[in-house]
Amino acid sequence: MEETTEIVSDGGDEAAPAAVTMDVENGLIEEEKNMDGEVAPALISIHPFEKSVVVAVGSELRLFNLEGNCSVSLIDDPSGPSHSDAIRSINFGASGKFLASAGDDKLVKIWETSSWHCIRTVSADKRVSAVAISHSGRYVAFADKFGVVWLVGLDEDDAKQTKVDKKAVPILGHYCSIITRLEFSPDERFIASADRDFKIRITVFPKLPLKGAHEIQSFCLGHKDFVSCFAFACPLGCAHGFLFSGSGDSTVRLWDFISGLLLATCEVGAMVGSLQYNGTEDGYPPVVTLEDNYFPTSMVLSSLTQRLWMVMGASNLPTLSATQLPTRIRVMSGFHKDSSDYNGHDPITLEDNEVPGGKKLLSELQGSFDVAMEEAALAAAAGAVKASMRNMLIKKEYALERREMRKRNRNDRKLR
Amino acid sequence: MPMAATLVFANPSDRSNAEPARFGRDFALFYSIRYEPNRSSSASKPPSPPGRVSFLSVPDRGRVARGIPREHPGNHSLSFALTTASQNRPRSTVAMSSNADTAQAKSRSGRLPRKRFYRARAHSNPLSDSHFPIPISPADFDCSHHYPYFFPPGSEGRSDGDAPPRKVRFADIGCGFGGLLVGLSPLFPDTLMLGMELRDKVTEYVKERILALRASNPGHYENISVVRTNSMKYLPNYFEKGQLSKMFFLFPDPHFKEKNHRRRVISPQLLDEYAYALEVGGIIYTITDVEELGDWMRSCLEDHPLFGAVPEEELELDPVVKLLSSATEEGQKVARNGGQTFRAVYRHIKLEEE
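These protein sequence lines are chains W and D, in that order. Here UniProt numbering is used: position 342 in the first sequence is 342, and no number is missing along the way. Here UniProt numbering is used: position 231 in the second sequence is 231, and no number is missing along the way.
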């Protein structure tokens, strides 16, 4: 059972299976909370060469330049609107030339990472749930809550000659299902999309993708609940790569994405119990324990320095004003690319003063340095994110009485 | 399956002390109730004593004897069907098994189910969250359950020697009452065909119909079956890549309003999935009596790079094409009313590299 170690080491850019972690935490306890509004998780993303870290809380993007050890302010597109609602997805491409951010305000913004100017603002028809930048940096793809994936060309000459049609084009669609994540394969031959209907679709990314991506390579089917995240893994020496996915069914699965074959399943939910008793037994990946009350809402691995960056926080909390949205960042180090250079040290969580960028980074990205004290607020945030994400992704099952009521009040019944 | 029976509530003057319905859930599920105040004046029936509930063609009287229909305003006949639509809620197991038994017994006797007991709304929302069981992947789809003749017990999916297990080759999406399946079955006796229908009651009907046909024609109709599913969402859960050789979309819901176009079963995005399920060379058949929808389906297929039109000469020779308008219940209705049909038949082609 090496999945978990590999997912961290090879995935490169691995988002937290936040929902998985949360499902594990609460097991079967059904929470029937009626949230006032939707709460978005705080997100974190890191430059592929660890030049900068970005955290999104609500509609705010917080940026820290790790190279220069200073905070950076973004320069927004003066002609276009700014983010005004929760950001749902942020992504550096593999090249690190651009950062894309998108969310509930139906805007996709593309930032140039050397000057931090917004080079493009694309307005979408629906709320955007996922965004990805192709590895060559030529295309930005984003998915909306209706299951349609749109594509924007970023090519210089492309942009020049087609300044007019700045609009995105739909290239593929999951049938009216929320797309939870979108990613290009490392060789850019495929684009993968996951949805809340348990599907992961691998589509051939054509040479002229603006005409649509119609050829489906495979479907990775096996998850029994929404797919919350996935990552490509291409170990050296393998002809083609693999795909890892995490889901609300508390499993992490390994796929041969070319054929859609399920290669391995790791029952994270079932393992949690056994690990507590057996400690670090052979055959299990090393388990790292965080503080009891720290539930990351998003995480990302920097493949360069093998540090795992995590953030915990939420936007739009009904009880709190926008200025005091709590966020907490933790960094873990000591992940290894493969088992050969495994030096016997398990990954460790860094103390606040050991975090690269130190106090300056934390106070910039967390809003204040001393958030560690606001545990109650953080716990509330994590709870709200969990409830909101569940509401959004699980299938709605109405009580029998409610269905009967709806049926009785239906106004399309024919009267004779 | 005794899905519905008609209950006549006979006396208008008695409405004052009529109580709200207190049926058991089983009852409410399987019997539709009709309130007919003027029924007692009809000559064909002896007048019922005031306030009595009489049963017309109730197969199992004892179980429903205590029901009193609910009060309804107005003097005219009202029918309210408690049986409509979703039966995917938890049901008492007793009701399930007893009904299944009756159904089994009936279809084994080879009597065709009667359509009037399986009335359902003409439309069903393809966007709603579905709660019926869906195979996790095509490997999870149990062919031996659907086609026991081709998968005798013990053969473990292998029909003859080392040949690969037989797979479903034709899919009728939105099969309705199953007319096409029944028409196709004798034409391709060795080809497995699957009908897919979203409406639960209609699926039940087709199931009964197939069982009855199998019982009365031993050795025939063993190659057709039906599943209740939302094919717009779950097609890849049933079929592997390139598994199908024919797909049928006959008289689909037109969804006229523009905001409902995304509910249409033929759309540029869904065609990607159909192309995935079809082998190269596999054919997609569409037909409708709504001109607007016919144009829509044709243009979707025409604009899709993975589909090419099948030439007219070939259609002339294809025995399936004649069935499109003649075999289905919907098609017969159109023919009866002298309506026009609009057909589009396309073939899955390989993508041309530019």
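Since the hints were made in silico from the structure, they are not lab data. Keep in mind that the hints are not guaranteed to be accurate.
Said to hold, decoys possible - Derived pair list, reagent style EDC-like, types lysine to aspartate or glutamate, alpha-carbon separation capped at 20 Å: (1) D/K259 - W/D125; (2) W/K224 - D/E240; (3) D/K350 - D/D289; (4) D/K257 - W/D125; (5) D/K246 - W/E67; (6) W/K211 - D/E302; (7) W/K126 - W/D155; (8) W/K97 - W/D125; (9) W/K145 - W/D155; (10) W/K145 - D/E258; (11) D/K333 - D/D289; (12) W/K126 - D/E258; (13) W/K207 - D/E352; (14) W/K396 - D/D129; (15) W/K396 - W/E38; (16) D/K246 - D/D129; (17) W/K224 - D/D140; (18) W/K360 - W/E60; (19) W/K224 - W/E112.
What the hints assert, rightly or not - For each label pair, taking beta carbons as the anchor points, the in silico distance ranges come out as: (20) D/N337 - W/D187: 54 to 60 Å; (21) W/H135 - D/D142: 40 to 46 Å; (22) D/K115 - W/E267: 45 to 51 Å; (23) D/K257 - W/E351: 32 to 38 Å; (24) W/P170 - D/H123: 22 to 28 Å; (25) D/A139 - W/R403: 32 to 38 Å; (26) W/E404 - D/D142: 55 to 61 Å.
Note that the structure is a prediction, hence the values are computed from the model and not measured. We put the CB at the ideal spot given by N, CA and C, even for glycine.
Hint check:
| no. | hint | result |
| --- | --- | --- |
| 1 | D/K259 - W/D125 | holds (13 Å) |
| 2 | W/K224 - D/E240 | holds (18 Å) |
| 3 | D/K350 - D/D289 | violated (30 Å) |
| 4 | D/K257 - W/D125 | holds (19 Å) |
| 5 | D/K246 - W/E67 | violated (59 Å) |
| 6 | W/K211 - D/E302 | holds (14 Å) |
| 7 | W/K126 - W/D155 | violated (25 Å) |
| 8 | W/K97 - W/D125 | violated (26 Å) |
| 9 | W/K145 - W/D155 | violated (26 Å) |
| 10 | W/K145 - D/E258 | holds (19 Å) |
| 11 | D/K333 - D/D289 | holds (10 Å) |
| 12 | W/K126 - D/E258 | holds (17 Å) |
| 13 | W/K207 - D/E352 | holds (11 Å) |
| 14 | W/K396 - D/D129 | holds (7 Å) |
| 15 | W/K396 - W/E38 | holds (16 Å) |
| 16 | D/K246 - D/D129 | violated (28 Å) |
| 17 | W/K224 - D/D140 | holds (13 Å) |
| 18 | W/K360 - W/E60 | holds (18 Å) |
| 19 | W/K224 - W/E112 | violated (39 Å) |
| 20 | D/N337 - W/D187: 54 to 60 Å | holds (56 Å) |
| 21 | W/H135 - D/D142: 40 to 46 Å | holds (41 Å) |
| 22 | D/K115 - W/E267: 45 to 51 Å | holds (47 Å) |
| 23 | D/K257 - W/E351: 32 to 38 Å | violated (60 Å) |
| 24 | W/P170 - D/H123: 22 to 28 Å | holds (26 Å) |
| 25 | D/A139 - W/R403: 32 to 38 Å | holds (33 Å) |
| 26 | W/E404 - D/D142: 55 to 61 Å | violated (33 Å) |
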